[in-house]
Amino acid sequence: MNPEITDKAAFDKLLLFCVKEGASDLHLSISRPPVYRLHGELKTLEAEAVSGETLEMIVHSLMTPGQQAEFESQQSIDLGYSSPEGDRFRVNCYRQLGQVAMAIRHIDQDMCDVEQLSLPPQLRKLAHLKSGLVLVTGATGSGKSTTLAALLHEINTNRNCHILTIEDPVEFIHVGKKSLIHHRELYTDVPDFPSAIRSALREDPDVIMVGEMRDLETMRAAMTAAETGHLVFSTLHTADAVGTVERFVGSFPGDEQSVARHRIAMSLRAVVSQHLLPTSNGGGRVPAVEILMVTLAVANLIDGAKTRQIYSSMESGAGEGMQTRDQSLAQLVARRQISREVARQFCNDPVAFDKLLQISVLRGA
Numbered sequence: 001m002n003p004e005i006t007d008k009a010a011f012d013k014l015l016l017f018c019v020k021e022g023a024s025d026l027h028l029s030i031s032r033p034p035v036y037r038l039h040g041e042l043k044t045l046e047a048e049a050v051s052g053e054t055l056e057m058i059v060h061s062l063m064t065p066g067q068q069a070e071f072e073s074q075q076s077i078d079l080g081y082s083s084p085e086g087d088r089f090r091v092n093c094y095r096q097l098g099q100v101a102m103a104i105r106h107i108d109q110d111m112c113d114v115e116q117l118s119l120p121p122q123l124r125k126l127a128h129l130k131s132g133l134v135l136v137t138g139a140t141g142s143g144k145s146t147t148l149a150a151l152l153h154e155i156n157t158n159r160n161c162h163i164l165t166i167e168d169p170v171e172f173i174h175v176g177k178k179s180l181i182h183h184r185e186l187y188t189d190v191p192d193f194p195s196a197i198r199s200a201l202r203e204d205p206d207v208i209m210v211g212e213m214r215d216l217e218t219m220r221a222a223m224t225a226a227e228t229g230h231l232v233f234s235t236l237h238t239a240d241a242v243g244t245v246e247r248f249v250g251s252f253p254g255d256e257q258s259v260a261r262h263r264i265a266m267s268l269r270a271v272v273s274q275h276l277l278p279t280s281n282g283g284g285r286v287p288a289v290e291i292l293m294v295t296l297a298v299a300n301l302i303d304g305a306k307t308r309q310i311y312s313s314m315e316s317g318a319g320e321g322m323q324t325r326d327q328s329l330a331q332l333v334a335r336r337q338i339s340r341e342v343a344r345q346f347c348n349d350p351v352a353f354d355k356l357l358q359i360s361v362l363r364g365a
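Residue numbers (the numbering used here): 1 to 365.
By construction, these hints were calculated from the structure, which means they are not laboratory data.
Accuracy of the hints is not assured; some may be wrong.
[As the list claims (entries may be wrong)] What follows is a set of in silico ranges between Cβ atoms, one per label pair, in the way DEER data are often shown:
no., residue 1, residue 2, range
1, SER258, GLN75, 34 to 40 Å
2, GLN257, SER312, 19 to 25 Å
3, ARG198, GLN257, 19 to 25 Å
4, GLN75, GLY229, 23 to 29 Å
5, ASP189, ASN92, 40 to 46 Å
6, ASN281, GLU72, 24 to 30 Å
7, LYS20, GLY229, 26 to 32 Å
8, SER76, THR157, 33 to 39 Å
9, GLY283, SER258, 47 to 53 Å
Ideal Cβ positions, reconstructed from N, Cα and C, are used throughout, including at glycine.
Make the full structure from the sequences, and use the hints.
So this is what it looks like as structure tokens:
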């Protein structure tokens, strides 16, 4: 493809090209050709550089007046976009060196099933919880939103619920099956996460999905929702389950942390932490998933500020649906989904990982 992006129609054609190629991300900036990411690797298109005037026009054509005002005020904004072909994208518009730029991520609306995403089957249990807080964590681009979408898909397929999502922007658009689903977007439908959660409590939801725990007030509101009989899903940018608990409690002022620790011990149901790793055949990426189920024993460890002991509970908690990152990596290597070399780059303890791998191979993981 040798596109010249001169208008909105050419922009949509470029998005379609990326979808057909299987690209996860597209980057547009002034004075350089488009760059896309395929299976984790950046590639540059053989194309003309985008002009500043054209990129400004495209950016503003994607925004509502409210979003334009937010962009001019904050110099960056996230928004959702559906192309004429029906493909869905998350678009981050920002400025660099005083000029507009875009980072665009394709959201595959068909990839919403736990099995299709190669997620551990025990995650389906989380979709059948009646109340409490479930956190999906990981770095940017680790698939958190997709995992949340898979859990909501599981609920929508099997339960008669009212599901309310609060996102910035709305990414996956779920069509109601057994459930009634409403999507609310920041700056379009609601001003911020905390007030949207408080409003949601008056809208008779069974399940609330909060796109991201960005600040303390969002955490407070989400925890209150979980404590009052709702099932709440959200995300955090943390690397592992233990760090997630510590980050959550540590976000509260020092004089509130004891109470916050008790509240999270009582309301937290699970933490799912994931990393996307390149497959051994080079054909894509697969998630390594750490799962913490908050049993009574784990809740007592959280409440007693003994979070460092949680890892031992995870190592021996397979019967409860738990697994550590290293256990997940060993299973992926034993199934030949990722290479041993890749696994060792991401494992916590190489010596312990080698032992886990031997066990996984013997069990036929």
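Comparing the hints with the structure gives:
no.	hint	result
1	SER258 with GLN75: 34 to 40 Å	holds, 39 Å
2	GLN257 with SER312: 19 to 25 Å	holds, 23 Å
3	ARG198 with GLN257: 19 to 25 Å	holds, 23 Å
4	GLN75 with GLY229: 23 to 29 Å	violated, 40 Å
5	ASP189 with ASN92: 40 to 46 Å	violated, 19 Å
6	ASN281 with GLU72: 24 to 30 Å	violated, 46 Å
7	LYS20 with GLY229: 26 to 32 Å	violated, 45 Å
8	SER76 with THR157: 33 to 39 Å	holds, 36 Å
9	GLY283 with SER258: 47 to 53 Å	holds, 49 Å
Violated hints for the displayed structure, listed by number in ascending order: 4, 5, 6, 7.
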